[in-house]
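Based on the sequences and whatever the hints tell you, model everything.
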Amino acid sequence: MIKLHNIEKVYRTDTIETLALNGISLDIQKGEFLSVMGPSGCGKSTLLNIMGLLDEPSSGDISIAGEKIDRMSDQQLAHFRNKRLGFIFQSYHLINDLHVLDNVELPLLYRKVSAKERRRLATQALEKVGLSNRLKHFPTQLSGGQKQRVAIARAIVGEPEIILADEPTGNLDSAMGNEIMDILLQLNSRDKTTIVMVTHDEVMAKKTHRLVRLFDGTQVQ
Amino acid sequence: MLKNYFKIAIAILNRRKFFTFVSLFGISFTLATLLVLTAFIEKIVNDDYPDRKRARSLYLTGIEENGPQSMVSSSLSLSYINRYLKTMKTPVDVGYYTARVGTNTYHAGKKIGIAFRYVNGSFWNILDFDFLEGKPFDAQQVSNREKVTVITEDLRRQYFGEDVQAVGQLIEADNQQFRVAGVVKNVPGTTYFFSGDMYIPYTVANESETGQSYHGEYNAILLGASAHDLPAMQTEYNNVVGRLKPSDKSYDKVLSYADYYSDAYLRTGNMSKPLKRWVYSVIGGFVFLLLFLPSVNLVNINLTRIMERSSEIAVRKAFGASSNTLVYQFVVENIILTLLGGVVGCLLAVVMLYIFNQAAILPHVTLHLNPVVLVIGLITCLVFGLVSGVYPAWRMSRLAIVKALKA
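For the protein sequence lines, the chains are P and U, in the order given. Sequential numbering of the first sequence, starting at 1, is according to my numbering. Sequential numbering of the second sequence, starting at 1001, is according to my numbering.
A portion of the hints provided could be inaccurate.
Pairs of lysine to aspartate or glutamate residues, derived as EDC-like cross-links and limited to a Cα-Cα distance of at most 20 angstroms, are as follows [stated by the list, open to error]: (1) K1403(U) / E8(P); (2) K1089(U) / D1259(U); (3) K1403(U) / E17(P); (4) K1406(U) / E179(P); (5) K1007(U) / D97(P); (6) K1003(U) / E17(P).
Since the hints were derived computationally from the structure, they do not count as laboratory data. Computed from a prediction, not measured in an experiment: that's the story for all the values here.
As structure tokens, this is what we get:
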């Protein structure tokens, strides 16, 4: 589903060159649930951002669902992300000025979907994460766990084949973290959604199919 | 999609109330000023009372003689009018009148300031004053040097009192008694060619109608049979002036023009340096500054808002918004903001015009906000929205997603 070949990412300033990723090659199968672990600053999030087409590698090849992701225009990349990818962030990144329902509808705004259909799909996604009673709440009125569920609903509303989750349980207590993990596991087993999750939590990582460890930008497991 | 943008725009306006106030104040105050300015210019340009035959008229506001060391500029003499204007072939009538002359009169223990003009009989044929009572004096009365006058309703009220018939009564001005022949509706102060309180036959002034001097006290209007005659009238007058010899050896050039109304309005004082270009430049510069400064302010505010919204921008990009879509969103939001400012600006303009009219800052001038001015206002708002929204939107759309997520 996701093929990375010899990915390198170098951050350059006027004086310093930092190698964030060093020759990473990965082959993630359709329906696989993969977790990425490693100490802070080892390149986990950079790797996830590159897989999510939010950042470009300095060198190396990426293909997702059989499509080579090089030389895509801004418009094509936007379309690809919209159709194929869903994101869950550690700090949720919900739009506080919009209701929960409007937040979840967001990916559908960039597709040709009627307002009525958007509303139906967003409500359905919120039902899946157990938040159908919070449609008209604002994010600031929700707990951390509820916010992350809204973020998951937003990630799955467009039925993407791949979900990329950057420490989705990092800001939550263990009970809330487990609830979120259960939702992700369910998505993976029921809908066969491919999930790549960055985490610091060994317990959570052990629940996934495969674990990749990074150290100083290099894959060590 | 638009509904979503609208929700966001309104939410952002609510979120930062001080920024919103500054933005809206900038837009609305600017727009209100523009609307009042436009209403004022429109009043000057389009208000044609009593000058309703403006399309058929040319205006002569003076004559100038220039030499290497000296120059003289003035209005026209009666002899000049008799020799050179009344003998022209293309005009069907020639009206002439002096500038406003100020005097004080005392009536019933009350001091009344009066601005009067000396005019000829044709003045009343060329200009369409609205008579509230009586009628104008005619050419025969002018020729007979009768001490008759036409006064305005405002002077009637001041001199004779409310709801009093003035025709046939005597009024004193400039130490002379005049019998009132008619009363006309007030002329706005902005129509400064013709405004006044009292109009008197020019023959009463006893100015010589003979002699060789070009210089005197009178302005003139040449009336054509139709608007099509104006170019021919202009050409004929230019030829007349072209043949004039300077009245003194110290001059080598004579300048005088028969102008269309707007040009004549701006040709005051120096004939060789008309105000036209200067006035258009000043108004243009003023309007430019009025539009430019709030636009820069809005651009600045919008750029500041970008950083606040970097997370939202990143999320939208991550979930499929292209840079173009984001530019579109931000411009739409900005247009919503400026249109809101536009509505507030229109209301502010109504209040400003009301205060202006009530305070009677200019005599007999009532300014109105007309539909054309409103449309101009709305178009101005759209231009504001576009100009101040596009650059920040473009900057915003270029934000790298990863950096924006971390900001």
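The hints, checked one at a time:
no., hint, result
1, K1403(U) / E8(P), "holds (19 angstroms)"
2, K1089(U) / D1259(U), "holds (17 angstroms)"
3, K1403(U) / E17(P), "holds (18 angstroms)"
4, K1406(U) / E179(P), "violated (26 angstroms)"
5, K1007(U) / D97(P), "holds (8 angstroms)"
6, K1003(U) / E17(P), "violated (45 angstroms)"
Going down the numbered hints, you'll see the structure goes against 4, 6, while the others check out.
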